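Participant: What follows is each chain in one-letter form.
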Amino acid sequence: MNTVLALSQVVIKELYRRKDFYVLFVLTALITLVMGSANFFNDDKIVRYLKELCLLLIWISALFIAVGASARQIPAERENRTIFPLLAKPVTRGQVVAGKFLGCWLACGIALLMFYGFLGAVSISREHEWLVLNYFQALWLQWIFLAIVIALVLWGSIVFTAPSSNATICVVLVIGIWGLGRYLNHVALQEREPLRSVIYTIYFLIPHLEWFDVRDKVMIHGRGLVPWVDCFLATLYGAAYTLLFLFATWLGFRRKALNT
Amino acid sequence: MTAIVDIKDLRVEYRKGALGQGPKVAVDGLNLRVHQGEVFGFLGPNGAGKTTTMNVLLGFVNATSGTACLFGVNVNEPIARQRIGYLPELTYYYKFLTAEELLRFYARVFGIPRAETDKRIDELLKLVELQDARKRPIKSYSKGMQQRVGLAQALINDPDLLILDEPTSGLDPIGRMKVREIIQRLKNKGKTVFFSSHELGEVETVCDRVAILHQGKLVVEGRVDELVAKYQTNLEQVFLKVVGYQPAQV
Amino acid sequence: MAVCFTLGTCLQLRVEKWNTRAQSDSLLAILLGDGQRMFANHFFTKADVYFHSGYYPSWMDQGMATPDPGHMTEEHHDEHEEAEHEKAMDFLGAPKDWIDRFGRNFFPSTHAHLDKPGESREILPWLRLSADMDPQRIQTYTVGAFWLRRELGKVDEAEQFLREGLKANPDSCEILLELGRLYDENRHNPVHAGNLMQLALRRWDEQEQAQKKPDEGIRLQVLIFLSHVEEEQGNFRQALHYRELELSLSPPQPEIVKQQIEELRAKLGEEKRAEQTPGSKSQTLEK
Ligand SMILES: Nc1ncnc2c1ncn2[C@@H]1O[C@H](COP(=O)(O)OP(=O)(O)OP(=O)(O)O)[C@@H](O)[C@H]1O
Ligand SMILES: [Mg+2]
Chain V
1 MNTVLALSQV VIKELYRRKD FYVLFVLTAL ITLVMGSANF FNDDKIVRYL KELCLLLIWI
61 SALFIAVGAS ARQIPAEREN RTIFPLLAKP VTRGQVVAGK FLGCWLACGI ALLMFYGFLG
121 AVSISREHEW LVLNYFQALW LQWIFLAIVI ALVLWGSIVF TAPSSNATIC VVLVIGIWGL
181 GRYLNHVALQ EREPLRSVIY TIYFLIPHLE WFDVRDKVMI HGRGLVPWVD CFLATLYGAA
241 YTLLFLFATW LGFRRKALNT
Chain Z
261 MTAIVDIKDL RVEYRKGALG QGPKVAVDGL NLRVHQGEVF GFLGPNGAGK TTTMNVLLGF
321 VNATSGTACL FGVNVNEPIA RQRIGYLPEL TYYYKFLTAE ELLRFYARVF GIPRAETDKR
381 IDELLKLVEL QDARKRPIKS YSKGMQQRVG LAQALINDPD LLILDEPTSG LDPIGRMKVR
441 EIIQRLKNKG KTVFFSSHEL GEVETVCDRV AILHQGKLVV EGRVDELVAK YQTNLEQVFL
501 KVVGYQPAQV
Chain B
511 MAVCFTLGTC LQLRVEKWNT RAQSDSLLAI LLGDGQRMFA NHFFTKADVY FHSGYYPSWM
571 DQGMATPDPG HMTEEHHDEH EEAEHEKAMD FLGAPKDWID RFGRNFFPST HAHLDKPGES
631 REILPWLRLS ADMDPQRIQT YTVGAFWLRR ELGKVDEAEQ FLREGLKANP DSCEILLELG
691 RLYDENRHNP VHAGNLMQLA LRRWDEQEQA QKKPDEGIRL QVLIFLSHVE EEQGNFRQAL
751 HYRELELSLS PPQPEIVKQQ IEELRAKLGE EKRAEQTPGS KSQTLEK
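Residue numbers (our numbering), protein chains in the order written: chain V, 1 to 260; chain Z, 261 to 510; chain B, 511 to 797.
FYI, nobody ran anything at the bench for these hints, they're computed from the structure.
A quick note: this is a predicted structure, and the numbers were derived from the prediction, not measured.
Even glycine gets a Cβ: it sits at the ideal position worked out from N, Cα and C.
There is no bait here: all hints are sound.
Covered by chain B, per the in silico footprint, the following chain V stretches (three or more residues, Cβ under 8 Å):
#1 35-42
#2 45-53
#3 180-190
#4 211-225
#5 230-241
Make the full structure from the sequences, and use the hints.
Facilitator: Spelled out as structure tokens, the structure:
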């Protein structure tokens, strides 16, 4: 475990010593503040449109940070050949996978905290209330979402050789599932038999990432919290997929010759 | 005497050879034993299969046939790593870390206690003369400085067996001298050193035994003094002779 | 020399013509124009999404037409209408499988309207953006003004918004109607309101003559409003006139209109009698 933590610490250090996170954060803050300075019919309590915009930027930024960071972890280890001195030490390949995952995930968590802190500050200045539980729930579920994404991308980085193609494929896949996964059953019901079963199978196999996006319900439109039981079940569901992808990553990585 | 490194009939094939050809045989029927307390020089022209052999020893590449053992344990089992120090060739360490952070990270992997870690880092950085640069990110280091960082990380766990792949490449004469001293010191402490090199002069001075590999096959193995005596010339000439070098007609 | 000159001017004219045509018909302008209209529609829909607190069919919820966003301003007094809207908005249907059922915990999946005091301000930015994108989109102004003056008490902003819309669409009966309502209900200035309505009526007639097929419903509403305003001011004859016009448009509930006409006739009769017997006029007014 200590090894895994040490590995994750290196990943986190890498992420906060690179510039891309700060660029995305500043960009998000800037766009939000500019939009926030707009005057709509002299009403300074309007806040939902601003929350929606800021959350959209947060989701996009977090997705790119997560995918960008995890896509290059293992390929960079191999390209810079740091994997050799590392594996020459008492470190198993499973620990490498776990450490890389944990590092990316924790780094994304830190990034999310900063983003949500900013969002909270913006909305407090208008609403004069801060629904801590709502923020916590939204942040938590988004973090689980990112866990699935990171594990998926790590797996992709074993399967595909080029990090950029892996990142592109994963982003498309994630956005596809996130946006359309919910409707695959509708699509299936409109098709004829062989195809219908195929689509339905896909529908049951994919991780339903859209569950973890509770922006509309919890953050923007004030529809109250997701029941905590469901929140917990969704967490289990996300953890299951994360472990599945990590296991697949490990299976692929375990037997891979490293100097090719 | 126990064999620390024991290689038997090792054969390694790379599946992707040159286009249109069969698999590339990098190591062919290699037998090698390195004993406790020995400094062993592993020689051979470029592409002879030295790095490949070391990769097998560390479990990075799977042997096509044959076996390799470290401390009597098959290399497929990741048990013996605790006692090994390894310096790979051509490695670019985590650029965004400083030398100190890098060593601290590796020390943590070995589970070395914190106080002990601090002590060792100070010692090692002094040994490889990087005290002044210890708080700078590695990406700002010169090639030789990176090589020194590599050397320091290979020694962080005070290993019993050192596997060094061209430890002096990229180092200035003083650095080379330093490496020779380090190897000598380790030898005096009873450690085993297995290293590859193209610097035959230095091999001659520090090594007990050498092996020369050519196109994946072992061509010569023996004590340095015996070889020199047998061929009646220095190691460099021995090397050139056994790899079949013909001086160009002028 | 002269030939050269004339040729030159001819060419120049040609070129100018070309230029203007290129400007007005350029592909880019068309694309941008349509794009802007698309965005305006999108933002307007967004306002409706906010009105429903996020419960809204997405483009993937097939098998149902998107609800008419005009209902944002309709007050659902009518139970039948309410039920209709409720039915139209039941786009989710029963859950099809456990994923569907469980997933509904995570997004707004029940029908609701903004009803907390002041909450409706949240739809305003989208209407503003919609109007900026497509100033010719009349519904944006009427809906926006409705919320501004009815729910948020921002009569000045509502009037300004409507006037802005009127500037971009000088012929719009809808905007005139809404402006008239504002003057009557919020500024309590029925005279000005009446004038605006008459203007609306005139615009409507003009458009009919120009065979632009304006909305009959708008004319009906203008007429109802006008007769109401006239009646308030005691101009029963005018009010009657408008009611009769209204009846000719086959309103949804003609019996009520007929009854109103009867009442107006009765009032007119009373007025006449009162005129004949001076001194009793004040009595009727007191009534
Ligand atoms: N990943 C690989 N795929 C295919 N062939 C490889 C691969 N790695 C090495 N080889 C081939 O195996 C042979 C041995 O390579 P190796 O790196 O072991 O040589 P070396 O003795 O370390 O040489 P040098 O002195 O240049 O470091 C070479 O012919 C090389 O082309
Ligand atoms: Mg080599």
